[in-house]
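Here is how the chains run, residue by residue.
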Amino acid sequence: MLLGPALAISALLFSIGVLGVLIRRNAIVLFMCVELMLNAVNLTFVALSRFHGVGGQLMVFFVMAVAAAEAAVGLAIILAVFRHTTSVDLKTNTLLQG
Amino acid sequence: MADTIFMALGTIAVLSALFCVFQRNALAAAIWLVLTMLALAGMFLILGAPFIAAIQVLVYTGAIMVLFIFVIMLLNLGDAASDIRGPGVKAIALVLAVGTGAYLLRLAGYDPARLAFELTGTTDLSPAAVFATAEVARQAAETQGVVGAVAGPLFSTYLVPFEVTSLLLLAAIIGAVVLAKRKI
Amino acid sequence: MSPIDTTSPLGVTLALLPEVVLSLTALGVLLVNAWRHETAADSRLAGWLSLAGVGASLVALAWLAGTASDTAGIPQMVALDGFRYVGNCIFLLAAAATILLSLDYLEREEIRGPEYYTLILLATAGMMLLGGANDLIMVFLGLEVMSVAAYVLAAYDRRSPFSAEAGLKYFLIGAFASGFLLYGIALVYGSTGTTNLVMAGTFFETGELSVMAALGLCLLLIGFLFKVSVVPFHMWAPDVYDGAPTPVTGLMATGIKAAGFLALTRLLFVTFPANAELWQPVLGILAILTMVAGNLMALAQRTVKRMLAYSSVAHAGYILAAVWSGTRLGAGAVLAYLLAYSLTSLAAFGLLGALGRGGERDLTADDLAGLARARPWTAAAFSVVLLSLLGFPGTFGFIGKWMILSSLVVAGQWLIPVVLVLASAVSAGYYLPVIMAMYMKPAPAGAGDAPRLPRATVVVVAVIVAALLVIGVWPAPLLSGTLNVASSLFERAFQ
Amino acid sequence: MADMLNLIGYQGWVVPVLLLLPVAGALLVVAAPAPRARSIALAVSLAEFLVSAGLWWSFVPEGGMQFAASIPWMPQWGIAYRVGIDGISLFMVLLTTLTMPLCVLGSWNYITQRERGFYALLLVLLSGILGVFISLDLFLFYVFWEVMLIPMYFLIGIWGGSNRLYASIKFFIYTMVGSLLMLVAILVTAWMVGAATGVLSFSYDHILANASAVGGRAPWLFAAFALAFAIKVPIFPFHTWLPDAHVEAPTAGSVILAGVLLKMGTYGFLRFAIPFFPDVAFSPAVTTIAVVLAVVGIIYGALVAMVQPDIKKLVAYSSVSHLGFVMLGIWAATLQSVQGALMVMINHGLSTGALFFLIGMLYERRHTRDIAAFGGIARVVPVFSLIFTLVSLSSIGLPGLNGFVGEFLVLLGSFGRFPWATGIATTGVIFAAAYLLWALQRIIFNKLDKPENESLTDLTPRELAVLAPLLAGIVWLGLYPAPVLRRMEPTSRQFVESVQHAIPQGAQAVAAPVNEGHP
Amino acid sequence: MYVSADLIWLAVALPLAGFLVNGALALWRPDAKAAVSVVGPAVLLGSFAVVALIFRSYALAGLATPHVVHLWTWLPAGALTVELSFLVDRLSLVMLMVVTGVGSLIHLFSVGYMRSDPGYARYFAYLNLFVVFMLVLVLGSSLPVLFIGWEGVGLCSYLLIGFWYGDKANADAGKKAFLVNRIGDFGFMVAMFLIWVALGSLNFLEVAELAPRYLAAGGTLVTMITLFLFLGCAGKSAQIPLYVWLPDAMAGPTPVSALIHAATMVTAGVYLVARTNILFAMAPLSSTVVAGIGALTALFAATIGLRQYDIKKVLAYSTVSQLGYMFLAVGTGAYVAGVFHLVTHAFFKALLFLGAGSVIHSMHHAYHATHSHEDAQDMRNMGGLRRAMPWTFVLMLIATLAIAGIPPFAGFFSKDEILAAAFARGAEIPAFRLFWLFGVVAAALTAFYMARLMAMTFFGENRTGAEERKHLHEAPAIMTVPLVVLGVLSAAGGLLNLPALFGGDAKLEHWLDPVLEGAHHYFPLEMPHGQTEFVLIGLAILIAVGGLVVGWRVTMSRPILPASQAAPEAGFWKVLYHKYYVDEFYEAAIVGPLRRLSERVLWKGVDQGIIDRGGVEGSAGLARTLGWIGTRLQTGQVGLYLTVFLVGALGIFFVVMG
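Residue numbers (this note's numbering), protein chains in the order written: chain A, 1 to 98; chain B, 99 to 282; chain C, 283 to 777; chain D, 778 to 1296; chain E, 1297 to 1954.
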């Protein structure tokens, strides 16, 4: 009943998200890759909810709320950083180090 | 049939995710991500979660991704130079991601029977028997409608988390406002 | 009083009364700020209101604890046991201290926006939900409430590029880690059909984990270990602690870290107690790594603030070692050490913030030279705080370390204790120079008067220092208290 | 005298008073105006000494603990405030309380800054040291052991010499590394004993009686205890903190450090490390290591002392040498050697204390500790020179003065067990004479060729008052140590007998004449 | 009047009181010379009186058993109980008489000799203290108590050698004396430990009783005990290889040389061997070593004495040489001969030193009067003094004859007895024949250098200087009177133990018999009789006379130039003049390397280098470096942070999942 494939696709998507996070420097794109990871997890939830009941779906619902909240705050922070450095490139945002 | 479509959607999702990750242009990456999300919505549908599929389209693609694209365009990053790291980093990242994937892909070996076995510790029960509650939920969806099936538990069992979500959104709103407002 | 009926909406509300009170206060403060958000006085008003809210929440907490509604082991969203109450107590104390320390700090740094206090309250509410969560959904949501507020707080000083960068780093890595945590939740859900910690625990009692559950455990560990800044998931911590406004750093190092640890402890002790042989190696190795790396890197720091940031990483290692033990004593040690470390750290960051006069990010030990002569009481207090961080006998910090060591020794472990004490000895290498500068070096020529501590800071520091000393000398009540509380984690409902 | 003391219930209150009086005094000092600090400190420390002096009469020379008390502290863990005094701790306590008023008096004019802090710390230190010597609970012991670091750290760091920061932190961390490992060992021991007996307790007696419960862990535990004590003693090669700490510390600090603090290490061996794990301590390997290190310390300390250009460093290294004798005596574990070790501990406190006072007095006048800066001053400061010579001779171990008594008993008692090591150790008496006489010559003899030295003033009455008790002790213990030896004998005998079973057969000391088969 | 031996403590207490009074005066009233002049010698005379009375009572009562005077318990430690008690027996009484008697004379002499010294009071304090310790040494009833005196006299010797400490050479000499003695003390202590281990007692009487029961005669243990004991004696009594301090000790005031470094302290080693005679007797090997070292020292030191110009140095080497004779005696088993020579030597050597002191005193005054800086002790600056100082000359001549072994002076009898004993022992142990030969040659050399000394000092032309010559004159009466007394003793001392051959009754021999009973049992000595005895005596006289004549002739055959004009030594004379370069050898082979080892290797290398910089600061530095490397990883790059994060994540996967 598509459990294996769904979990596999979810794992793939999650790994791709991780890959994206690792290779991107643009804060916004990086954040997008995180969103991809969250989406991948959502797929797992949905696939599992076919067996365990509606809880999984509700979880996805909450994840979306969280994603929205994070997006709002995250993009605001990115904007704030941009105001200081006119760049969202993480390579240039290294004031704090050591 | 559904399986074939599911696999096709899955392929689209993975491919567009890859495009998203490797697309140099931020805006294009965002568009590819939207495609992934849409494919996911389709898969949710096939997996019997129409409500989730719907809000996937509405909230994710409709709201969140739009916000992303809005910000990208606001900051005029659409035609910025590539932000992908160098080949060395890429190689390391690939190794790490593949490693992670290798562990996670062990989940691919799951089917309902195995899940049922692992849950009960016995092969005597059929998956259908083990996952009876899911069947109940499916029937509830048929009687109460897709929204109703989700809404019921949301306002009973999951009331507290639901309320907490409000706190979360409140915090996010305050945060976004505080950080974004021009006057300090 | 009769126990609370957690099946009714009223009962649920009562069971969450401290959180509810705090959230309502947050809303109230927000409303007040809607028309009073211009002047410094407005900001102070918000602060005092928030403090009142924290106080009210504490009262509610006391009431809740007093109703004998200890329903430990019963599957519900938020636990009703001593472990949660003590945790909440830590968070509320941290919040109260942070608010008091912020009053003058914000004014001095000209950080505008009374929403600051609302966010602190919301973050605290998130901590309380996380620390008391008995369900993975609550874990996730509590964590996110806390984190989202913390992201904003880290970036709150909008004139400071450091603050913004701190916020960005915290946010990006935090969101990334959330992904792992969430995946872990999904897999635990998948392998048990439930997200409730207690009920999930019943599936793992055999001691063998399916692939899915094991992966879930890994992913959950990753998510939590990030939050409590354990090596190698710690790299954000120094930067963020460094860049964030100092009172916020204090809150992050104490409340947020405590919340993470309490949730982790509960998860491991309630859900995975039978699988200790899987997670103990992880925790053991990482505890050692964290203690060693944290202390070594703190040794290489120039500024006090960054040094404290790294030392906070090191302390996470100590606490992780206590979690490792997986025993009642270990859980008690976690509580005791968290309390000790939170108090001490709050005082440290408070003093740092007050002494820095705006440049505290750049404050080095030598900038404190001669403080003992100019401000003897401040120097003495700072010394006590540092000695407590060092784990010196006679202070609360020592009692905490003593409990951790005991929990490890009882569990038959000797390597981690040895590493722990050696790492502590290394830590003397960076705590002592601060004391040394204050007492043994003359004030640099041309330096102005050392700043006088604001009254609120004095209160916070004095209370904390007194507590550190009193508990350090007479720890018996604390010991029995934490041990009793810790036992609530071990009363399983379905046995 | 003992009856009179009993009449006032002396035995009941003496220990708590000894512990609390200095702390109260410290508070008083802090509260008082700065110029008053030294008088108050003197009064308090004198009172402390007078209180402790009663122990001399009240103490009954027999085995076991006296003046014992136990008050629960952390009952869940079996931790209590347990104290007591026996023949070993008695003299450590008396030495400490004797030294302290002298330190206060010796710092009278030397300390001109932050007097209140200085004297308060001295008094706190007094409490801490006494606590170490009278604790009969391992937790309590550890707390005192560590707590006493802090005042010492500040004493060196604030009122020390030019390189004081380095010295103080080195002292602190060095000591701490050892003691923290000891903390782990204490915990493991207590828990294992607790697990075996079903009674969790940090009581000394309880652990001593059941220490065999640690089984195969004993070597590790012993090593941890031993490291802590070895650093404190200090045994070569853990001694390098000592020269720095000694040199930089103010006079009072050096005196306490040498006079009392170092004894905490040897005391630890006698009280804890060896009685708990006699089988490990007297195993061939450990015995070899301990004895070799002791002998190396004796010779090495003396040789290095010989070439020091700085008087304080010289004395510091001489401490390494002297404490080597103590270690040797402890490990020989014969009645004579153990009593000798205890005597060396006392004597070293007296003579090295006096030496540091003398050096401090010289330093106050000339602000240098460089041996080369002096020469021929016997002509201008005859009294000083006389006392300096006498104290040096005591340190050299001239028979008739105290130093000889201890060294002689140690060597005599050890010879039967370790003839070679003792033989080599005995050469230490040559080197001791070499470094001290050479220093003596360069300081008070030779030509008076530095004009600065011609105007030196001789000792003042206050300085004489500081030295007089020490000199009295030096002569008294040299000529008539019997009362002291008799008081420590039962406890020493107990120690020796309790560890005798662990000493391999054939290696036991010769107690009766050996018959070589003469007809 | 019968005086109980219990009062012997008084003999010690009197000088002690003198020390305290004089010490106090030295510190606070250094100018009160009159008081010092009274107190200093008076306490000694008192002490002598006490000793003499006890001796008389003892002798009259014919007591043979030792008498122990218990003062207090010194070191009680289990089985070990060292009492602080005095042992009065025939041996110690003889020594007491010498010490207090000669000591009194020298104290008197010092009143004149040291009067003008600013450290007069200090001097007498030291001297009194010395006598205290010397008496403790002699009286100690056990090895540790004896050791108090043993080290105490060493201390006083140290203080008195360095009495004029303003001159570095003097302070050096004092230190050297103490250190070399300490090497001996090391042996002494080890011997005590061995005795304790073997016998469980350190008390002389108990040792004498237990040793035959528990020690095998000729066994390893007793041999080791005695060899170590002898090491102690060699240090104190300046035998090879530890003799080097004694010549340097002449840096002290001359009466000190007479008292400490000739008459009393340096003979302590001989006394100790006599005291523990039973042990040595049980160890023939050790006895042979003792005798061999003694004989070698006697010869060796005598050769050096041949080419010294400093009058005191000549006498110093002579002392070393004579001490060698004493050890030859006790090593041979002729304990009485050893003690006898000890006593006669105390008389004539004290006389020689005091005479030399008188000469130096005079020379010094002469140079002082003309503000000249010539060496007042160099014999090349003297000559013809017999005219200016007739008393001194005559008395020194007596002493010279005594030491050279011309009958009937004291030295002849004692020396002859030693040589005869060595010869006799040779029948049993052939090595002793060689030792005897050494002794004979040394006797010839002794006569030679004494003749040289007398010739250079008192005969020929005066070389002091034209102006100075006028200031040379005899010493005051306070100095000459003791000389006269000593002269009488040197001349007649032989009567003490006049052998039967000369019609005597060997008083000393019989007197000491009870003390030496055990030794005679284990190490019996058959003295030569009849023809052999006559031949030996004849040979001895011949050699003594021959030596004197040759010495005289050789010295007077060439003109002697004052020290300032003398040519440097050459050839073997140079080697002798530089005392075989032994000091230089010790410095280069032992002292220097040890100091360099300590400074460069141990202190700077091991301590500061390996332990401190390597171990301590090394580990601190390592921690710091590791921390620094760690912080270098902390680049501020989020990408890196995430990478490390993921590495950790994979690690966790690996640990949990395998």
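Heads up, some of the hints might be wrong.
As the list claims (entries may be wrong) - Residues on chain B that point at chain C, a partial pick, calculated with CB under 8 Å:
hint, residue
1, L252
2, F253
3, L265
4, L266
5, L277
As the list claims (entries may be wrong) - Calculated lysine-lysine pairs in the BS3-like style (CA-CA distance at most 30 Å, straight line):
hint, chain 1, residue 1, chain 2, residue 2
6, E, K1803, D, K1224
7, B, K279, A, K91
8, E, K1609, E, K1464
9, E, K1900, E, K1464
10, E, K1900, D, K1227
11, D, K1224, E, K1464
12, B, K188, A, K91
13, E, K1870, E, K1766
14, E, K1609, E, K1803
15, E, K1870, E, K1464
16, E, K1766, E, K1329
17, D, K1224, E, K1609
18, D, K1227, E, K1464
Claimed, not checked - DEER-style ranges, computed between Cβ atoms:
hint, chain 1, residue 1, chain 2, residue 2, range
19, D, V794, E, L1929, 36 to 42 Å
20, D, V1252, E, V1841, 38 to 44 Å
21, B, L223, C, D287, 33 to 39 Å
22, D, Q1277, E, R1729, 41 to 47 Å
23, B, K279, C, D287, 54 to 60 Å
24, D, M778, C, D731, 54 to 60 Å
25, D, Q1277, E, D1879, 57 to 63 Å
26, D, V1252, E, L1890, 29 to 35 Å
If you are wondering where the hints come from, they were derived from the structure by calculation, not from laboratory data. All C-beta atoms, glycine included, are put in the ideal place defined by N, C-alpha and C.
Do the hints match the structure? See the list:
1. L252: Result: violated, 11 Å to nearest chain C Cβ.
2. F253: violated, 10 Å
3. L265: holds, 5 Å
4. L266: holds, 5 Å
5. L277: holds, 6 Å
6. E:K1803 with D:K1224: violated, 52 Å
7. B:K279 with A:K91: Satisfied, since the Cα-Cα distance of roughly 26 Å is no more than 30 Å.
8. E:K1609 with E:K1464: holds, 18 Å
9. E:K1900 with E:K1464: Holds, at roughly 28 Å.
10. E:K1900 with D:K1227: holds, 28 Å
11. D:K1224 with E:K1464: holds, 7 Å
12. B:K188 with A:K91: Since the Cα atoms of K188 (chain B) and K91 (chain A) sit roughly 15 Å apart, the hinted pair holds (cutoff 30 Å).
13. E:K1870 with E:K1766: Roughly 34 Å between the alpha carbons, so the hint for K1870 (chain E) and K1766 (chain E) is violated.
14. E:K1609 with E:K1803: Violated. K1609 (chain E) to K1803 (chain E) sits at ~34 Å, over the 30 Å cutoff.
15. E:K1870 with E:K1464: The given pair, whose Cα atoms are some 25 Å apart, holds under the 30 Å limit.
16. E:K1766 with E:K1329: holds, 29 Å
17. D:K1224 with E:K1609: holds, 24 Å
18. D:K1227 with E:K1464: holds, 14 Å
19. D:V794 with E:L1929: 36 to 42 Å: Violated - the Cβ-Cβ distance for V794 (chain D) and L1929 (chain E), about 56 Å, lies outside 36 to 42 Å.
20. D:V1252 with E:V1841: 38 to 44 Å: At 55 Å between Cβs, range violated.
21. B:L223 with C:D287: 33 to 39 Å: The hinted range 33 to 39 Å holds for L223 (chain B) and D287 (chain C), with Cβ atoms some 35 Å apart.
22. D:Q1277 with E:R1729: 41 to 47 Å: violated, 54 Å
23. B:K279 with C:D287: 54 to 60 Å: Taking Cβ atoms as reference, K279 (chain B) and D287 (chain C) lie about 45 Å apart, which means the hint is violated.
24. D:M778 with C:D731: 54 to 60 Å: Since the Cβ atoms of M778 (chain D) and D731 (chain C) sit about 58 Å apart, the hinted range of 54 to 60 Å holds.
25. D:Q1277 with E:D1879: 57 to 63 Å: Because 50 Å falls outside the window, the suggested range is violated.
26. D:V1252 with E:L1890: 29 to 35 Å: holds, 32 Å
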